[in-house]
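Turn these sequences into a full structure, and let the hints guide you.
Chains as they are written, first to last, in the numbering used here: chain A, 1 to 231; chain B, 1 to 385; chain C, 1 to 101.
In case anyone wonders, no lab produced these hints; they're calculated from the structure. Just so we're clear, the structure is a prediction, and the values are computed from it rather than from any experiment. Treat the hints with care, as some may be off.
Straight line, CA to CA, 30 angstroms or less: simulated BS3-like cross-link-like pairs of lysine-lysine [claimed, not checked]: (1) K342(B) x K76(A); (2) K342(B) x K231(B); (3) K276(B) x K143(A); (4) K117(A) x K342(B).
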Amino acid sequence: MEESLIWTEGATKIYNPRLPDEMVALDKASITIRQGQVTVLKGPSGSGKTSLLSIIGCMSRPTAGRVVVKGKDVAKLPERFLTGIRRNTFGFIFQQFNLIREVSVQENVALPFYPMKTGFTEIRERVDRMLDQFGILAKKNLKVKKLSGGEQQRVAIARALINDPEIIIADEPTAHLDQALAEDLVKILDGFRREGRTIVIATHDPFIFESNFVDRTISMRNGQIERVSER
Amino acid sequence: MIRHLKILEHALSTIVRRKYKNFAVIVVYSFTIMVLASILFLSHSLKTEAANILSQAPDLIVQRTMAGRHELVPENYVEVIKGNRGVGKITPRYWGYYYDALTGSNYTILGVTGALPEMEMVEGALPSRSGECVVGEGVARARRIGVGDELILVNSQGLGQVFEVAGKFTAASDILTNDLIILGERDVIDFFGFPQGRATDITVEIRNPSEVQNIAGRIKRDLPDARPITKQEIIRTYDAVFNWRSGMMLTIFSAALVSFCILAWDKATGLSGEEKSEIGILKAIGWDTSDILELKFWEGLVISLTSFLLGLIAAFVHVFYFGATILAPVIKGWSVLFPSFKLIPFVNLYQVFVIGFLTVIPYIASTVIPSWKAAIADPESVMRS
Amino acid sequence: MRKHLIFIGITGLELALLAVLFVLSADMVRTKGQRQMNSKSQLVALLGLTDLSLWTEARYTRHPSQADFFTAFQDFPAAIEHFPAGSIVAPLPSVVFLKKK
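This is the structure in structure tokens:
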């Protein structure tokens, strides 16, 4: 177990508890994410992938159960600490890109740095380097809404990586991409894996979970873990 | 420090994004502050000036009332007042109002007697003999006359009477003299047809200022139909110009109305679904609740501070360099003659800070508070859109 | 990423402008203001003036400090009973505060 970076035990997420529209999104899920591996959460929509992902990523807290990230039980930590963990440990790639569309590419990528102590010059340098790496440096002053879908995807990835995160969390990253862009993305993700980063992807796209850079696949159904298969 | 600057940077990006809306808010907001500050500057300056110059007004004025109205004072009241100890010079005054049908304006006609020393604020001379007059700037303008011209007024007999304009009050004094016509005392008596032995009122000089109230009381006892008005009362009258109960209320109400419109608009369009999801995004990428609130604080501060400063500058220039041209028609009321405000720029910094607090702080609060709920929520909602 | 500098610059400029205006006004009060006040005071003293010549539409607005208790019902030719100026300047203190005595 020493190589497990994140593990959950009986993690449960219930929305609107004790109300008529109570919904159990996640039901006693116990999983392990190992360092340096690519783990895929697989399952139809509504199977609890996103809930599990947001709990792992410290975006929300489980209603019950334990979630341990890098040896710390985050289920009971106050908001402030969760923010710190999100900021320093995770990079998020969202299904909808979640960029601020009316703001420049440069600022979007720089935003994770804003609440930190990094100076403007250093931010600018790091952002430029990151944009260069993804081939969108020339567009850094454009507003995000002026970019194509593929470019937006790259901006979103650049933003996720700007803090040099250990763990990358991706939620349905290929949902809005065509085949060529999806292949691109897999290449990029594979690159991260080689850099030694841990990657967790929630998807129902076979193109991802069948590609050979995936180390473990966790199948989910109705909020429960169905099966864990290792390559 | 650098952290705050960066959050300010993003706040500015957010403002620039909605530039038309925010520009409109700044314009309306600045205008509101300009009106409010103009009123305060104007009234403070006016009050200060009034308090200063009216401190030279007569110590005591004795009127007579009859059936609740002003009535001419018998000159023999002078003898009765003289009986009080501590009383200095007592002078019956002859003055009145004149409605000029030609221009639709009202003048104040005041009689002077004896040789008056030369006055700095009079061009030409004071009336030295019968048939001469000195007119205020407003009168001169209304009648299109100057020094050396003739002023024709209709007396109580309905006859036109010609006065030679011997002098004119300078424009700098028009806050005091705009509608004045100064005639010799005898001319005033004849012009209005005062009954024999009656004056308009009586001014009383009192040697010891602390005795004024006592002497006023004694005069009231000796002459039950007299109404003494002290200098203190005169000064205090102008203390209440534009106070919260009088015109101020009206203007504050209109200002409040405008600010309310801004706020309502801002609130209604304020925390849209888009803004909520942005807060979620920022939280997801590592912003803390306090960072989000700081962002909103900066957004409110940038708008309100900019508007406040612009409004203040505009008010200052408007009141002290342009003579309150926007405000004047409102204050003017039905007056046909109205002095131009060449105000001495007395400024009360305390007032400036009060306007600042009453406008900037509520605006910031109204931008920060609505985002509170979105800021404390878990950011996972962004994953579920 | 220079917007914050622009904002700080503009705000600084506005503050400086205000400071200049205030300093100028203080200076004006001291010099020109003082001189004008002296000559206006002279005018008041010599002519025995009691009021500012602001509103000429009615007796109680032209000479608020001399107004009697019933002046709101005026005799200005074609008088409109209540003048806007009457809402800006309050009645004589002795009228308003009569009850306190």
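Results of checking the hints against the structure:
A hinted pair counts as satisfied when its Cα atoms are at most 30 angstroms apart, and K342(B) with K76(A) does not qualify at roughly 69 angstroms. Between K342(B) and K231(B) the alpha-carbon distance is near 25 angstroms, which keeps this suggested pair within the 30 angstroms criterion. A distance of roughly 20 angstroms separates the Cα atoms of K276(B) and K143(A); the hinted pair therefore holds under the 30 angstroms criterion. The straight-line distance between the Cα atoms of K117(A) and K342(B) is roughly 53 angstroms, outside the 30 angstroms bound, and the hint therefore fails.
Consistency with the previously given hints fails for numbers 1, 4, ordered from lowest to highest.
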